[in-house]
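**Q** Next come the chains, spelled out residue by residue.
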Amino acid sequence: MDTDQAGEIPSHPASWREGLSRRNFLRRGTFTAAAVAVASSVPGISTLVATTAADTPAVDTGVTDAADEAGPLTEPLIAQVKDAGTGEISLFQGEREVVVHSPALARSLMSAARP
Amino acid sequence: MSSHREAPEISKDPVADSTDLYAFMSPDVAGTVTLIANYIPLEAPDGGPNFYEFADDVLYTINIDNTGDGFPDIAYRFRFTTVNNIPGSFLYNDGPITSLTPPSPTSNWNRQQTYTLTRVDMPWNRWRNGGEIVLGSGLLSPPCNIGPLSTPNYTGLANAAVHSVGAGPFSAKVFAGQRAEGFYVDLGAVFDLGDLRGFAGDHAGGGGPGLMNGMPGVNSTADVNVHTLALQIPVDQLTRSKPSGPGDPAAVIGVWTTASRQRVRVRRDGDDGGGNFESGPWSQVSRLGNPLTNELLIGIGDKDRWNALPPTSDGGPFLGYFATPLLPQLLPVLYPNVFDNLAAYNTSAHNVRPDIEAIFLTGIPAGVITPAPTFTNYNGTGVKADMLRLNTAIPPTSSPNNLGLLGLDVAGWPNGRRVFDDVATIALRAVAGATLGFVASFTADGAAGAVDFGLTTGGTDLSAKGTESYLNNFPYLGTPYSGYSNPAKTPVSVAP
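Sequence lines, in order, name chains A and B. Just so we're aligned, residue 2 is where the first sequence starts under the numbering used here, counting upward by one. Just so we're aligned, residue 240 is where the second sequence starts under the numbering used here, counting upward by one.
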């Protein structure tokens, strides 16, 4: 699974200098090096991905378990499946967007959303 | 209009719709720059009970480029918080609002806003070494001007909303609240196929029944209010270094304002409390640098996209709108035999408009304006990006001309912009060819130096109808029209 983050100006000046051009920074705010840490800091995201990566059919249960393990969900988490084929999913929480690439998670979400 | 309702999407989101941007050397406080960004177009003064206010879910920003590369080096961010002091009341106020006090359940003022102002020095702004600093929080905005019984001393309330803030090496004077609209233009004429009332008899359509040359204009933005974000900042906190003089590119700053919303909005149903919540990174929905750029230059199919992109995009996908704008093509058609030289230029092999590019995208190099050869607000790099460029080493003039640089007043637009500058007329004359001769082999038609909107009596007239309430000091825009005075449309300063 790949992760990526798009966000606003980072608050700590030490976090931006390396490997950044100002053009990339403005366009997307992509921080590959920091992405894993950021993803795991979003309550529930990393655990949810790990749970569904094994094609766990019971997504509702997986979400509940993830929340239990990561602590209370302080802010709503919104997922947007952008491409089911590549598993590209944007996860929005607070002022962050985390992009994950997980076909298994995409399949699980689509399955859960099926009427 | 300058930028009121200028694009399809933002016209449906007025709280995020920037209307005008001003940047000028403060005439009354030496060594400071005043930046004013207005939002919420065409506020009806009596538009209650939910009077106009900034949005809690919008990030308002005033950006400054001090290196000429088209990217922000400094940003001032405003975030608002709104409270209902008296949630059981349907009224804006349950009694007279006589003082500006923090939100309280005992207040007569029901719907109240406070805000946080943050200065952000971008990571690449090596001069400031990056980082962000909160200059002030819990800052009080004034109420809207409701009327003599509700806001009996409006001037006092507004004055109390001018805050001096600072943290670390930075300081500012700040105001955020309602003001009288200061921009003036004849919209009815512009959008009725450019039927300028003063020149109606020359229009291809004959101007219409009873119309003839010499008719006065109608100020479409008179007697309405806006919401203003105003800053007054020591100039040395904005420039990249101390400039050696007006010819030093370090003296030039580029300014633009943006409004952003978070990427995702979810509407709660009534059982879940109603309202919305937002999530995700901030996404730009409104942009404004020079007046009239998105209004008159950018095609309607690109306006929403222009609002969502940074100024550096102007040298890319939008460059054609500046290099060969549509309006100069239309003028000779709308006014036959009036703009013959312009018509010939339009059909020549080299019909691009470097003057428009200089005014809007790069600033004007020294030596171009022959009557004022030392003037420049060139960015020093040639990077094309729509910004309001201010040469901070040019002092304010004591005898201003509302035609700015066209009136040989180098302290006015397009060198920054003052509240009284007649930017609609300046822009109209420029696109009609009045500035083209400075940068190309071209002789302007006589009409290019004469067309106007008929709203002032001349360059030294700083009191176009509906704009008579400018202030001589911060925040410079006048006391907002009160709801009770509407539709008498009398400034509260005259009839409180």
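In short, the hints are calculated from the structure, not lab data. Heads up, a few of these hints could be off.
Unchecked claim - For each label pair, taking beta carbons as the anchor points, the in silico distance ranges come out as: (1) B/PRO344 to A/PRO77: 25 to 31 Å; (2) A/GLN81 to B/LYS251: 41 to 47 Å; (3) A/GLY95 to B/LYS251: 39 to 45 Å; (4) A/LEU74 to B/THR636: 57 to 63 Å; (5) B/ARG244 to A/GLY95: 30 to 36 Å; (6) A/GLN81 to B/THR696: 45 to 51 Å.
As the list claims (entries may be wrong) - Each computed DSBU-like pair below joins lysine-lysine, with the alpha-carbon atoms no more than 30 Å apart: (7) A/LYS83 to B/LYS542; (8) B/LYS481 to B/LYS704; (9) B/LYS251 to A/LYS83; (10) B/LYS251 to B/LYS704; (11) B/LYS251 to B/LYS481; (12) B/LYS542 to B/LYS481.
Claimed, not checked - Far from chain B, by Cβ distances over 12 Å, these chain A residues were calculated: (13) GLU76; (14) PRO77; (15) ALA85; (16) THR87; (17) SER91; (18) LEU92; (19) PRO104; (20) ALA113; (21) ALA114; (22) ARG115.
By construction, the Cβ of each residue, glycine as well, lies at the ideal position given by its N, Cα and C atoms.
**Q** Measuring Cβ to Cβ, find out whether A/LEU92 lies farther than 12 Å from everything in chain B.
**A** A/LEU92 is in fact no farther than 12 Å from some Cβ atom of chain B, at 9 Å.
**Q** Starting from the hint 30 to 36 Å, judge whether the C-beta atoms of B/ARG244 and A/GLY95 obey it.
**A** Once the Cβ atoms are compared, 32 Å apart, the range 30 to 36 Å for A/GLY95 and B/ARG244 holds.
**Q** Can we confirm that no CB of chain B comes within 12 Å of the CB of A/ALA85?
**A** holds, 19 Å
**Q** Under the criterion that the straight-line Cα-Cα distance not exceed 30 Å, is the pair B/LYS542, B/LYS481 satisfied?
**A** violated, 37 Å
**Q** If we take the beta carbon of A/PRO104, is the closest beta carbon in chain B still more than 12 Å away?
**A** Holds: least Cβ distance 23 Å, greater than 12 Å.
**Q** With the threshold set at 30 Å, check whether the alpha-carbon distance from B/LYS251 to B/LYS704 stays at or below it.
**A** holds, 28 Å
**Q** Would you check the hint for A/LYS83 and B/LYS542, treating anything up to 30 Å between C-alpha atoms as holding?
**A** Given pair A/LYS83, B/LYS542 holds - Cα atoms ~26 Å apart, limit 30 Å.
**Q** Verify this label for me: A/ARG115 is non-interface relative to chain B, using a Cβ-Cβ cutoff of 12 Å.
**A** holds, 21 Å
**Q** Does A/PRO77 clear chain B by more than 12 Å, comparing its Cβ with all Cβ atoms of that chain?
**A** At about 6 Å from chain B, A/PRO77 fails to clear the 12 Å cut-off, so the statement is violated.
**Q** Take a look at whether the Cβ-Cβ distance between A/GLY95 and B/LYS251 falls inside 39 to 45 Å.
**A** violated, 26 Å
**Q** B/PRO344 and A/PRO77, beta-carbon distance inside 25 to 31 Å?
**A** Holds, since B/PRO344 and A/PRO77 (Cβ atoms, about 29 Å apart) stay within the stated range.
**Q** Assess, step by step, whether the Cα of B/LYS481 is no farther than 30 Å from the Cα of B/LYS704, and give holds or violated.
**A** violated, 40 Å
Checked against the numbered hints above, the structure breaks hints 2, 3, 6, 8, 11, 12, 13, 14, 17 and 18 and satisfies the rest.
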